[in-house]
Amino acid sequence: MYNPVAACIMTASSQSVRPFRSGWPVSPVEEESQRAPNALPGGLAALWLLLLVLWIVFNASAAPAILLVGVLAAGVIAWIFTTRSAVWSDVRLTPLRLYHFLCYAGVFLVEMVKANLGMLRYVYAPRIDIHPGIVRIDLRLSSPIGRLALANSIALTPGSLVMDIDDDALFIHWLDVRTTDAELATEMIAGAFDKHLGKVFG
Amino acid sequence: MTETIGSIIILAGAFFLFSAGVGLLRMPDTYTRIQAGTKASTLGNILVLAGLGFHHPDWALKLLVIAAFVLLTNPLSSHALSRAAHAIGVPLAPSTVVDALAERNRARAEEKRSS
Numbered sequence: 001m002y003n004p005v006a007a008c009i010m011t012a013s014s015q016s017v018r019p020f021r022s023g024w025p026v027s028p029v030e031e032e033s034q035r036a037p038n039a040l041p042g043g044l045a046a047l048w049l050l051l052l053v054l055w056i057v058f059n060a061s062a063a064p065a066i067l068l069v070g071v072l073a074a075g076v077i078a079w080i081f082t083t084r085s086a087v088w089s090d091v092r093l094t095p096l097r098l099y100h101f102l103c104y105a106g107v108f109l110v111e112m113v114k115a116n117l118g119m120l121r122y123v124y125a126p127r128i129d130i131h132p133g134i135v136r137i138d139l140r141l142s143s144p145i146g147r148l149a150l151a152n153s154i155a156l157t158p159g160s161l162v163m164d165i166d167d168d169a170l171f172i173h174w175l176d177v178r179t180t181d182a183e184l185a186t187e188m189i190a191g192a193f194d195k196h197l198g199k200v201f202g
Numbered sequence: 001m002t003e004t005i006g007s008i009i010i011l012a013g014a015f016f017l018f019s020a021g022v023g024l025l026r027m028p029d030t031y032t033r034i035q036a037g038t039k040a041s042t043l044g045n046i047l048v049l050a051g052l053g054f055h056h057p058d059w060a061l062k063l064l065v066i067a068a069f070v071l072l073t074n075p076l077s078s079h080a081l082s083r084a085a086h087a088i089g090v091p092l093a094p095s096t097v098v099d100a101l102a103e104r105n106r107a108r109a110e111e112k113r114s115s
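These protein sequence lines map, in sequence, to chains A and B. Take the first sequence: its letters are residues 1 to 202, numbered as in my numbering. Take the second sequence: its letters are residues 1 to 115, numbered as in my numbering.
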C-alpha cells in the first residue's frame, strides 16, 4: 500500500545534500550525471501545474481550446526551466510538503500584519526612538528556492530587511536591534519560518 | 452593501499607503526609510486589491495573482536598493548600534591584502 508520509520521509532522507554555491545554481551538466536516465526533471510537475493554473486564471475560462494551448505552453516552459536550472529540482508535490507550506503561509500572513501594525507604531510615534543595525544570522536552508522564500518572508516581517547573503549567513538590517548574538537573532528573525520552509524545500 | 465593505477596505489600504509615505519622511536614514516603504505598503496594496475584489467579484482570482506578485517583488526591490546603498557607502543613522556587513567587508579586504 502506498503511504505518502513514509514515502516523503524516504525521499527526504535519500536526498543528497547538494553544496550550494552563491550565484547561479549547479550547472545542468553536473546535475544530469547524478540523475537517473529517463527520469523526469525534478519539479517539472510542480512548475507545470503552477503555470497551468496561472494560465487558466488569466484567461478566466477553461474552454477546451484554451486549456489545450495552456497545457502545451506550460509544459514546454516548465520543461525548459527545469532542464536548464537546478533551482526547481527541490520542489516536489507531496501531501506533507503541502501541509507545511500551508502552515508557513499562515505564519507568514500573521507576521506580515504584525509587521505593518508595528511599522504604524514607529511612524506615528511622537519621537522615533529606534536603534537600527545590521546583524548577521545563520542560514540553515540549502535549497535556492527555500532561501528565496525565507529572504522574502524576512523582508516582510517586523522591522527586518535582508541586505546581503553569504554562503551560510544572511545580513539583516534590523529596525530595532534587540540582540547582536547570532544564535538569538536567528531565532528571533527567522525562527518562525525556518521550521516549515525546511520541511517544504528540504 | 458589499460595495460599502469594499470601499471601507480600500480606505484602510489607503491609510496604510499614506503611513508608508509618512514613514519615508520621518525615518532617520535610507535603510529605515526603505523599511517603512516596504512594510506599510504591502498590507496597503493587498487591502486595496481585496477591496477591489468586493467591487468586482469576477476579478477575484486575477487580483489574488496580483497580490502574490506584490508579495514576491516588493521585498526583492527593497533588498536590491538597500544592498546597493550599502555598497556605495550611504551612511547609516547615528543611532545605529551594529553593522555586521561592514565588518564582513573589512575582514574580506584584510584577507585579500594578506594573501
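In short, the hints are calculated from the structure, not lab data. Here the structure is a predicted model, which means the values were calculated and not measured. Some hints here could point you the wrong way.
Stated by the list, open to error - Covered by chain B, per the in silico footprint, the following chain A stretches (three or more residues, Cβ under 8 Å):
(1) 71-77
(2) 101-107
(3) 123-131
(4) 168-181
Glycine included, every Cβ here is placed at the ideal spot set by N, Cα and C.
Consistency of the hints with the structure:
no.	hint	result
1	71-77	violated (count 0)
2	101-107	violated (count 0)
3	123-131	holds (count 5)
4	168-181	holds (count 5)
Violation of the numbered hints given earlier is confined to hints 1 and 2; the remaining hints are satisfied by the structure.
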